[in-house]
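Student: Start from the sequences, fold in the hints, and give me the full structure.
Each residue of the sequence shown is one higher than the one before, starting from 1 at the first, in my numbering.
These are computed hints drawn from the structure, not numbers from a lab.
Listed below are the simulated BS3-like cross-link pairs for lysine-lysine, each with C-alpha atoms no more than 30 angstroms apart in a straight line:
hint, residue 1, residue 2
1, 218, 39
2, 127, 201
3, 127, 58
4, 39, 106
5, 106, 11
6, 106, 15
7, 15, 127
8, 277, 127
9, 218, 233
10, 277, 233
11, 11, 127
12, 39, 11
13, 58, 39
14, 277, 58
Source: prediction; values computed, not measured.
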Amino acid sequence: MPLLAAGPEIKLWPKGAPGESGGIGPEEIRPPQGERPVKRITNVTEPAITVYRPPAGKNSGAAVVVCPGGGYNILAYDLEGTEIAEWLNSIGVTGIVLKYRVPRRKGDNFPRLPLQDAQRAIRLARKNADAWGIDPARIGILGFSAGGHLAVMAATHWDEPAYQRTDDADDLSSRPDFLIPVYAAYLTTDADPWTLSPQVKVTPRTPPTFMVVTYDDKNRGSDAALFLTALKKAGVAAEAHIFLAGGHGYGLRPSAHPVSQWPRLCEQWMRASGILK
Numbered sequence: 001m002p003l004l005a006a007g008p009e010i011k012l013w014p015k016g017a018p019g020e021s022g023g024i025g026p027e028e029i030r031p032p033q034g035e036r037p038v039k040r041i042t043n044v045t046e047p048a049i050t051v052y053r054p055p056a057g058k059n060s061g062a063a064v065v066v067c068p069g070g071g072y073n074i075l076a077y078d079l080e081g082t083e084i085a086e087w088l089n090s091i092g093v094t095g096i097v098l099k100y101r102v103p104r105r106k107g108d109n110f111p112r113l114p115l116q117d118a119q120r121a122i123r124l125a126r127k128n129a130d131a132w133g134i135d136p137a138r139i140g141i142l143g144f145s146a147g148g149h150l151a152v153m154a155a156t157h158w159d160e161p162a163y164q165r166t167d168d169a170d171d172l173s174s175r176p177d178f179l180i181p182v183y184a185a186y187l188t189t190d191a192d193p194w195t196l197s198p199q200v201k202v203t204p205r206t207p208p209t210f211m212v213v214t215y216d217d218k219n220r221g222s223d224a225a226l227f228l229t230a231l232k233k234a235g236v237a238a239e240a241h242i243f244l245a246g247g248h249g250y251g252l253r254p255s256a257h258p259v260s261q262w263p264r265l266c267e268q269w270m271r272a273s274g275i276l277k
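Tutor: Here you go:
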């Protein structure tokens, strides 16, 4: 499933990212190796997006900002980034892979810097909607593990600007039109794993959600159930798939577990929800 049309990397902040002090060393790319090869990126001080567009004849107009995981320390850039863009392109969706700031800076416990990057990425997608062939009312966010947490933060804090205005793109809404967290991390706290984290501020304006997790992935199955309950209470349309087994960090690479069917289920949900037309 080859990438169809990858554009050049676009810096989110041409004049420098807000709150970025640098001092963590040059950006580092660690090549894939081992039994589960994954391209890892760290020391990101200049966050950016790369836009992957489907062929014009297949373009549905929908777009998704993709947030790779990696514990807010690295980005699993192919497993949970470019490979996801390939799949999105195959179903007619523009994939916008977000290279957000990692590792987590000392004292940034929210973490606010990645949230700034996610909000900015959504706004830039809206600003460039015509040029990129996307519908500004069908821009979602998808993330894995820590990237899933970031996607949830973007979906529940869109009405709280994480940075001061830098240009006219920041006059546009950062609310994603739909949310897809896959084995999202940090939805609860270690101190209270049976209560949704106070960071997860679900309201009736939280976007429609499709989530995927496995029961054997630590406590993330119960985390997803708590998040689903909060969405239900708020009247937000949501679909959750909690598979028995599969662990963590599988992306969309095939396995012997039924969780590997999640991309097909997600596509069905996107069609049923009117995201794919």
